[in-house]
Amino acid sequence: ETGVTQSPTHLIKTRGQQVTLRCSSQSGHNTVSWYQQALGQGPQFIFQYYREEENGRGNFPPRFSGLQFPNYSSELNVNALELDDSALYLCASSLTGKAEKLFFGSGTQLSVL
Amino acid sequence: DQQVKQNSPSLSVQEGRISILNCDYTNSMFDYFLWYKKYPAEGPTFLISISSIKDKNEDGRFTVFLNKSAKHLSLHIVPSQPGDSAVYFCAARRQISGANNLFFGTGTRLTVIP
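Protein chains in written order, with this note's numbering: chain A, 1 to 113; chain B, 1 to 114.
There could be a bad hint or two in this list.
Claimed, not checked - With a Cα cut of at most 25 angstroms, we get these calculated DSS-like pairs of lysine-lysine:
1. Lys54/B to Lys5/B
2. Lys71/B to Lys5/B
3. Lys68/B to Lys5/B
4. Lys56/B to Lys37/B
5. Lys68/B to Lys101/A
6. Lys37/B to Lys71/B
7. Lys101/A to Lys54/B
8. Lys71/B to Lys56/B
9. Lys37/B to Lys101/A
10. Lys56/B to Lys101/A
11. Lys56/B to Lys68/B
12. Lys68/B to Lys37/B
13. Lys5/B to Lys37/B
14. Lys101/A to Lys5/B
15. Lys5/B to Lys56/B
16. Lys54/B to Lys71/B
17. Lys71/B to Lys101/A
18. Lys54/B to Lys37/B
Hints are computed from structural coordinates only; laboratory data are not their basis.
Whenever a hint applies, use it, and build me the whole structure from the sequences.
Following this line, the structure appears as structure tokens:
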């Protein structure tokens with residue numbers, strides 16, 4: 001059984017650029033969530049995907065968007081990057097029914113210069 | 001608007017003693033409370049959870065207590081071991097339109113001294 005894997009581990013972008021982060025869910029999990037963790041803070045919910053549809057979003061603007069694919073892998077896209085987007089981005093998968101328990105990947109550290 | 005708060009950024013405990021990590025919340029709509037443990041360069045790992053209808057849940061050395069009237073929960077680790085040294089996040093779940101929105105605290109760094 002494979003865990004949640006994220007790529008890349010580190011990324012450096014400049015303000016105004018666009019970025020795509022990728023995630024492979026744990027085997028058998030059909031729900032994926034994305035979280036942003038700024039330095040010194042706890043993770044903040046961005047959105048959740050279930051069966052390829054977004055079914056919940058936190059307090060993030062539309063330039064944060066996502067996709068979930070039939071194999072339950074997922075992408076987080078951020079357009080028009082801002083300096084404040086610099087953070088650790090965490091992907092988490094869950095099995096519907098045990099959904100309060102999330103399995104997190106190691107994250108992608110994004111730096112926006 | 002921090003709905004889940006961990007007011008102690010760090011805690012040091014001697015090996016073998018009890019570690020008590022605290023968490024406060026403001027939203028009465030939370031239905032599950034969870035503790036996650038995070039080592040450097042790794043994602044958070046689920047540790048233990050408690051439903052809002054219970055006041056205690058135990059799993060081995062870990063016990064979580066929930067006081068709904070005070071909107072307070074705590075994690076007890078007995079006995080503490082050096083391998084428990086990590087950052088502990090308290091989280092609370094609120095389901096919105098079927099989505100699990102976890103609200104996290106800012107974390108408490110636990111150091112267990114051998």
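Here's how the hints hold up against the structure:
Restraint check for Lys54/B and Lys5/B: the C-alpha separation of about 20 angstroms stays at or below 25 angstroms, so the hint holds. Proposed proximity of Lys71/B and Lys5/B is supported: the alpha carbons are some 11 angstroms apart, at most 25 angstroms. The straight-line distance between the Cα atoms of Lys68/B and Lys5/B is roughly 15 angstroms, inside the 25 angstroms bound, and the hint therefore holds. Using a Cα cut-off of 25 angstroms, the hinted pair Lys56/B and Lys37/B holds, with the two alpha carbons roughly 19 angstroms apart.
Between Lys68/B and Lys101/A, the direct Cα distance comes to roughly 21 angstroms. Compliance with the 25 angstroms bound is thereby established for this hinted pair. Between the alpha carbons of Lys37/B and Lys71/B the distance comes to roughly 21 angstroms, so the proposed pair stays at or under 25 angstroms and holds. With a CA separation close to 17 angstroms, the supplied pair Lys101/A and Lys54/B stays within the 25 angstroms bound. Distance check on the hinted pair: Lys71/B and Lys56/B sit about 14 angstroms apart at the alpha-carbon level, within 25 angstroms; holds.
For the hint linking Lys37/B to Lys101/A, the alpha-carbon distance of about 13 angstroms falls within 25 angstroms, and the restraint holds. Taking the CA atoms of Lys56/B and Lys101/A, the gap is near 17 angstroms; set against the 25 angstroms cutoff, the hint holds. Under the criterion of a C-alpha separation no larger than 25 angstroms, the hint pairing Lys56/B with Lys68/B is consistent with the structure, at around 11 angstroms. At roughly 23 angstroms between alpha-carbon atoms, Lys68/B and Lys37/B fall within 25 angstroms of each other, so this suggested pair holds.
With a C-alpha separation of about 16 angstroms, the suggested pairing of Lys5/B with Lys37/B holds against the 25 angstroms cut-off. With a C-alpha separation of about 20 angstroms, the suggested pair Lys101/A and Lys5/B falls inside the 25 angstroms cut-off, and the hint holds. Under the criterion of a C-alpha separation no larger than 25 angstroms, the hint pairing Lys5/B with Lys56/B is consistent with the structure, at around 20 angstroms. Restraint check for Lys54/B and Lys71/B: the C-alpha separation of about 13 angstroms stays at or below 25 angstroms, so the hint holds.
Proposed proximity of Lys71/B and Lys101/A is supported: the alpha carbons are some 21 angstroms apart, at most 25 angstroms. Proposed proximity of Lys54/B and Lys37/B is supported: the alpha carbons are some 22 angstroms apart, at most 25 angstroms.
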